[in-house]
Amino acid sequence: MIADFFRDFEIFTEQEIGKVIQLFELRVLDKGDYFVRENQRCNEVAFIQSGIFRSFYTTPKGDDITYCFRFPNDLIAAYSSFITGNPSVEAIQAISQVSLLVIQKNKLDELVLENQIWTQFLKVIAEQQYLELEKRVFQLQKETAAQRYASLLKNQPQFILQIPLHYLASYLGITQRHLSRIRKEITF
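Residue numbers (numbering that gives the first Met the number 0): 0 to 187.
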């Protein structure tokens, strides 16, 4: 899976892909485990082989707000912490058992120094992160909760039933009761 992920960028040789794959370490997390916690520095990035994560932050009142889900074949990191070295403002938690391939930031930094292609790769990843953030902002401003739910259902139908309702409701910005009404209207 991870080799195909790198091949899809169409910038790496098979030798470059083989080299980077060797730098990843397998990690398995149980449901409820954290990849990174709020106020912890994120100095690694992971490729999700299986399982689901949620990214969330805690409000001053102590409520946690889910703003993102990550699925297999995605990269995961507390990105702002990863690039700045500052403590993370978000937490990333497994909502199912997950299998990850993890690489340390210092190993990526070494790759960048060795070969300019990795700078290009990181630029593309940064652009993808920006576009995803922009899409999420527009979703929240332009779409109804039902439209956002339908989009999630369309793009990740095999995982939607594995996400606890209170996380889905938080992600959609609605109550669980409202989510129940939406789910009755939209069928799988």
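One thing to keep in mind: the hints can contain errors.
[What the hints assert, rightly or not] In the SDA-like style, the derived pairs of lysine to any residue whose C-alpha atoms are separated by at most 25 Å in a straight line are: (1) Lys30 / Lys141; (2) Lys104 / Tyr56; (3) Lys30 / Thr12; (4) Lys153 / Gln96; (5) Lys122 / Lys30; (6) Lys141 / Lys122; (7) Lys60 / Ser49; (8) Lys106 / Asp73; (9) Lys122 / Phe5.
[What the hints assert, rightly or not] Label pairs and their in silico Cβ distance ranges: (10) Lys141 / Lys18: 36 to 44 Å; (11) Leu160 / Leu22: 14 to 22 Å; (12) Gly172 / Glu24: 16 to 24 Å; (13) Thr12 / Gln146: 15 to 23 Å.
Just so you know, the hints here were simulated from the structure itself, not pulled from any lab data.
Quick reminder that beta carbons are idealized off the backbone N, C-alpha and C, glycines included.
These are the hints, each one checked on the structure:
Between lysine 30 and lysine 141 the alpha-carbon distance is near 33 Å, which puts this suggested pair outside the 25 Å criterion. For the proposed pair lysine 104 and tyrosine 56, the alpha carbon gap of about 23 Å is at most 25 Å, so the pair holds. For a cut-off of 25 Å, the pair hint linking lysine 30 to threonine 12 is broken: about 36 Å separates their Cα positions. At roughly 23 Å between alpha-carbon atoms, lysine 153 and glutamine 96 fall within 25 Å of each other, so this suggested pair holds.
At roughly 32 Å between alpha-carbon atoms, lysine 122 and lysine 30 are farther apart than 25 Å, so this suggested pair is violated. Between the alpha carbons of lysine 141 and lysine 122 the distance comes to roughly 28 Å, so the proposed pair goes past 25 Å and is violated. Note on lysine 60 and serine 49: the hinted pairing is violated, with a Cα-Cα distance of about 33 Å set against a maximum of 25 Å. Only pairs whose Cα atoms come within 25 Å are accepted, and lysine 106 paired with aspartate 73 is accepted, the gap being roughly 19 Å.
This hinted pair checks out: lysine 122 and phenylalanine 5 have alpha carbons roughly 14 Å apart, not beyond 25 Å. For lysine 141 paired with lysine 18, a C-beta distance near 43 Å keeps the hint of 36 to 44 Å intact. Between leucine 160 and leucine 22 the beta carbon distance is about 35 Å. The supplied range of 14 to 22 Å is therefore violated. Under the hint 16 to 24 Å, the C-beta atoms of glycine 172 and glutamate 24, about 36 Å apart, miss the expected range.
About 42 Å separates the C-beta atoms of threonine 12 and glutamine 146, a value inconsistent with the hinted range of 15 to 23 Å.
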